[in-house]
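Undergrad: As you go down the protein sequences, you meet chains A and B in turn.
Quick note: the first sequence uses the UniProt record's numbering, first residue 1, plus one each step.
Quick note: the second sequence uses the UniProt record's numbering, first residue 1, plus one each step.
Be a bit skeptical, because a hint or two may be false.
Calculated pairs, DMTMM-like style, for lysine to aspartate or glutamate (alpha carbon to alpha carbon, straight line, at most 25 Å) [claimed, not checked]: (1) A:Lys315 x B:Glu64; (2) A:Lys206 x B:Asp110; (3) A:Lys168 x A:Glu268.
These are computed hints drawn from the structure, not numbers from a lab.
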Amino acid sequence: MRSNLLKNALEAGRKYIATGAISADMLRQEIYRAWERSHLEGANPRTLQADKLSTLDTERLLERQSFLIDAARPYLRVLSQAAGHERHAVMLSEQNAIVLDVVGDEQSVHGPEAVPGPGSLLSEAVAGANGLGTPLAEDGYAEIIASEHFIQGFHPFTCQGIPLRNDKKEVMGVLSISVRRPEVGQRLKEILLCASHGIEAELLQKRLQEDVRRVLTSHPDDGQPLEQLRQDIVQAHNAGRLRLEVVSRLVAGNRFEYALQLLRQAEESIQLFRRRAALWRDLASLEVGAIQPISLTDTVRDLVDLLSTEATIRKIEIFICFPEEVRVQADRRTLSRRLFRDFIQAFDLVGKGGAVRIEIHKIPHTSSGQVSLIPMPAPDRVQSAPIPFILTLPIGNYNP
Amino acid sequence: MNQGYPLNRKVLIADDDDDSRTMLAFLLESEGWQIAEARNGKEALEKLTEECPQVLILDNRMPELTGAEVYQHIQQEGIKIPVVLMTAFSDLEELASSLGIRYYLPKPVDVPLVLATVESAYAEYQK
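I would like the entire structure built from these sequences, with the hints used as guidance.
TA: Following this line, the structure appears as structure tokens:
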């Protein structure tokens, strides 16, 4: 199947060079699209190597992109480690497919047939369909197998790449891996995808670090609990990174089954980190969001999840009583911040060995929903029961 | 099989996060270390006596006792063990310097750096 695909791509390439026509029926659909773009943008199929920026321009570019390079470096290393002794190169580019960093075996990085190094221009317009330019143009994962590359110089490689996005979903660059044997690439695909999410989490993590400095100065009352919460969130990211390291060692040692299981867990850790980090940023922000129908139940549940380590450290139990899902009209950010403050105050009130009971319900005969945090102090803590924290909100009409 | 590593060298990992602790244990084990684990500060002090490790990897934010409290206790007791403080605390350098801890690493950890730092700490123990 694959050999037919490659034979057809090779033949399509010959025809294109001879006649200037791209044979749609001989190429995979995404490769046809990529060749068409490459043709329209003026890429030369006879090219043997990529164009490069000058040394000075490359140095300037690397300096400007140091945030992304630093975030990606551990994942480039992990991917390269997973490729083991195979000929391979892991590459990072910025958002215009200009190479920023390359890691791999000596031959692939510095040998006579090395992959393009930092400063190389790999947009489709310059280098045709390839593992960095095509994922950018397609706005998603892409694999280019051997002769499917538009220019002849890239035919020895099979490349796959995926765009990297920041927390605003803007494309920051591309992570790709190039190998000599296509079957090796397939083995590394899942790790590549997980590593790309790891880099995105890393960018987010660095952003959290910057945010916390701002929070500590701008609203010092919340600063300390928010900083502690950030540390708890980073644990999920730490676990994800360590799992990926273990995965790459297992794959290098051909222990695929256990590696796949761990890879799924690594992906889960990364996604958990992203969800928690998004909520943390809402808590740390001063912005007000739009009032809209939201699930009060889910909002409280997410906060409880976020505060689970804090509750464990303080030895406080949380009891949840949600008999039904309640949707309210509210601004999610303001609501989360208010609930967060109430939780921290409730924790302070009950002390070590205490508990907080959370009740959420619709108020009968009204169109309101209510959340109550009921502090239940440790027996030796206070004489009289503290007043519950109660928040009443209008019910939201929500059509899923 | 001993792959050229010194025999019987042991590291105690004190971290309340099960996932991070287990994965780090796996990685250090594959580098020839014997592993002891603690899930909170109190357990860390107990394991220190029971297991006699040569290096202690210490998280800061833990139940029972924080890493800083564990370290202070170690100092008071006069226990000689190199400590690698490993935490997501935002001002790690200041925390480590206020405690007098020489080896410290920020979370999320860079694995080659962890392995190198633990080796350096072990080398200090042997002096």
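Undergrad: Can you confirm whether the C-alpha distance between Lys206 of chain A and Asp110 of chain B stays at or below 25 Å?
TA: The given pair, whose Cα atoms are some 14 Å apart, holds under the 25 Å limit.
Undergrad: Does the alpha-carbon distance linking Lys315 of chain A and Glu64 of chain B stay inside the 25 Å limit?
TA: holds (9 Å)
Undergrad: Going straight from one Cα to the other, do Lys168 of chain A and Glu268 of chain A come out at no more than 25 Å?
TA: Holds, at roughly 21 Å.
The structure is consistent with each of the numbered hints, conforming to all of them.
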